[in-house]
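S.K.: I would like the entire structure built from these sequences, with the hints used as guidance.
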Amino acid sequence: MIFNSIEFIFYFIPIFFSIYYICPAKGRNFVLLAGSFVFYAWGDIYSLPIVVLSAFVNYSFGSIIEHRKERSAMRKVWLFLAVIFHVGVFCMFRMGNILSIMPLGLSFYTFQAISYVADVYLGKIHAEQSPIGYFTYFFMFPKFVSGPITRYGEIQTALEHRKISPLQVEEGLKIFAIGLGGKVLIADQMGKLWNAIQTVGFESISMPLAWLGAIAVSLQIYFDFQGYSLMAIGLGRMLGFKLPQNFRQPYTSGSVTEFWRNWHMTLSLWFRDYVYIPLGGSKKGVFRTICNLLVVWVLTGLWHGTTGNFLLWGIGFFILLTLEKLFLKKALDATILLKRVYMFFVIPISWIVFSITDAGELYTYLQRMFDVTSFYDMANLWDVVYYLKDYGWTALFGLVLSTTLPSKVYEKCKKHFVTAVILILLFWLSVYYIMSAESNPFLYSHF
Amino acid sequence: MRYIKKCPFLILLIWTSAIVVALHYGGYMNPDTDNVLEFLRDTVGKMQENVKEHSGQNIQLSEETENMLVESEEEATGIADAQMQDELPQEEYEEIVVKPQYELRMVDDAYFEDAVFIGDSRTVGLYQYGNMTQATFYAETGYNIYKFFDGKIVTVPDSGEKITVEEALMRNQYKKVYLMIGINEMGRGTLEGFMEEYTKVVKRIKELQPDAIIILEAIMKVGKEKSDSDDIFNNVNITKRNAAIAELADNESIFYFDMNPAVVDEDGNLNAEYSFDGIHLKAQYVQIWKDYLYANGIVRTE
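Chains as they are written, first to last, in this note's numbering: chain A, 1 to 447; chain B, 1001 to 1302.
Think of the hints as simulated: they come from the structure by calculation, not from any bench.
To be clear about the criterion: a stretch of chain A counts as covered by chain B if any three or more of its residues have a C-beta under 8 Å from a C-beta of chain B, and this derived list gives those stretches:
id, stretch
1, 157-171
2, 194-200
3, 422-429
Where is the CB? At the ideal position from N, CA and C, for every residue including glycine.
M.R.: Structural data, given as structure tokens:
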């Protein structure tokens, strides 16, 4: 089940939350766990056994490591085994193209699992005593499929005891509605634009259209992921949990360093705490720092995808980050203009590399982005006008909503009645788009 | 009351949901269109109708409606006449057969100066990338046969006024009318229903363009991946539809033209190399369709 579907919004949410709220506090974890199982099984029932196995293995390893407090050597071995298990399962599904049946949420729950055993090993948290408690954390449906990657310590208290007030439910619903709007009204529309451009064939697009396409993927990926993260956070709030934020207006960043402190924060923090710092971070001299960065970024690239372009994407960021660390960032911080121009190129180009898996096609696209000869024949430029007619406003909205403006406005106005009205309209508009696409797939036979 | 102040969103959500669910189960809401405003208008319209019925007004058949019923009866007999012409054996790729006063040959740009292309997004592709600026195009993504009479897709050059294709054909005369349509309609209704409307449209075009030949283009096939994975939009159904369309050709003023041989692979599916989505030709391959049109111009020999 996906969040932006009629069955989730109008069946799962009312039924599940009614049971959840009626249930006394003691039973809520169990209800949440049961609901999460239903949620998961709906989307991918065949993978459920292996995911349950992973959860059980992790719970067990956590307990074992916890209880072997004195014999530190053995503890390391158990940690090692746990990590090998999870990474092994991850690679098996990711690399093995024969098994294209990858369990839903694999990338996210694998990382959460590793963070759990690592944190127990480091003594940051105590292993969860009750299997129900641990499984509830593991399977919690808001964050299971696409994160945010939540450390156990962040919700441990809430797992044991949480109070849910109508105000919290209100807050959660509003955040959910905002996320839904971002996904359906912006991300999906930008996705359609990108699809249209692919249909034309990259060899035939003008330079402005190539840039419009790059902006489209940038907006699509952002609003899709941010939308989903907000929906997860909203649902978490309704359950009584405070899930971590994933994005902080990343497109307003002035450098790649800053960008990765604001984009998919739970992921970059994970890499920092569980790969970069254990390897020594930046504390072992310049050469080691650069090596550590390389490891992190190769892994980051591969976590996102297994084809060459993802590796290129990761390494590209590695190069820019290294340059920034050495001297570039100081130069960028000096002028605002330089920052904006720099990121104006880096962000769209990086997302193009991320989105095109075929090397030849990627090369063609990048060529189109820098082919100034397009402008010599004005007749060629009609194509960007054609697409701006249908998607221009949405793209503009997307760009405006990527700034710090919306969150400032929201913080100021969230208590107002008018805000609620606007969000309700947004909500129903999103539902409308979902319905017309779902109930009448032939309507969307827009050939 | 204080809940409205504390949790306005929640309250509004419950309240509006109740209304929406009631309307939905009352049959008022059917997202028939992807245009929100149209949908709202439809819904309000349905509600108004219902109110009128309930207030005891009898809905009399207006004169207009009665005339329309008489007209469609006449049309039914008219269609039977048109189908009296010789029909050739139906193969998968209908050969373009012409009667003595016409021949098939290579034509040049001038041939298309008085030609009009009517169709859906595939024809839009021909317009965008075929570089046939001398021809006229009445085409739009999502266009279907039902929109011929009421879909305002044609923009009048100077005034910016939007008119239907029917109206456009009333105002302008052409010598060749190309029509490629039928894939969007596969998602709803039946083949018979589609052919009924299609035949009506062809007849109307013939009335409006007495000096023109009408070239009914076969629906372009879809790619293998699409065809194999879709119950509705697949090449088996497209072939059936094309066979029905071919039956309308009289080879005197109405011709059937199949460009598929130029763009399909050995299995009869749209060549995967020529398309990204299996439905539309990539811009650089639209030339193939264009070349096929140029190679097979239908020319009067007399």
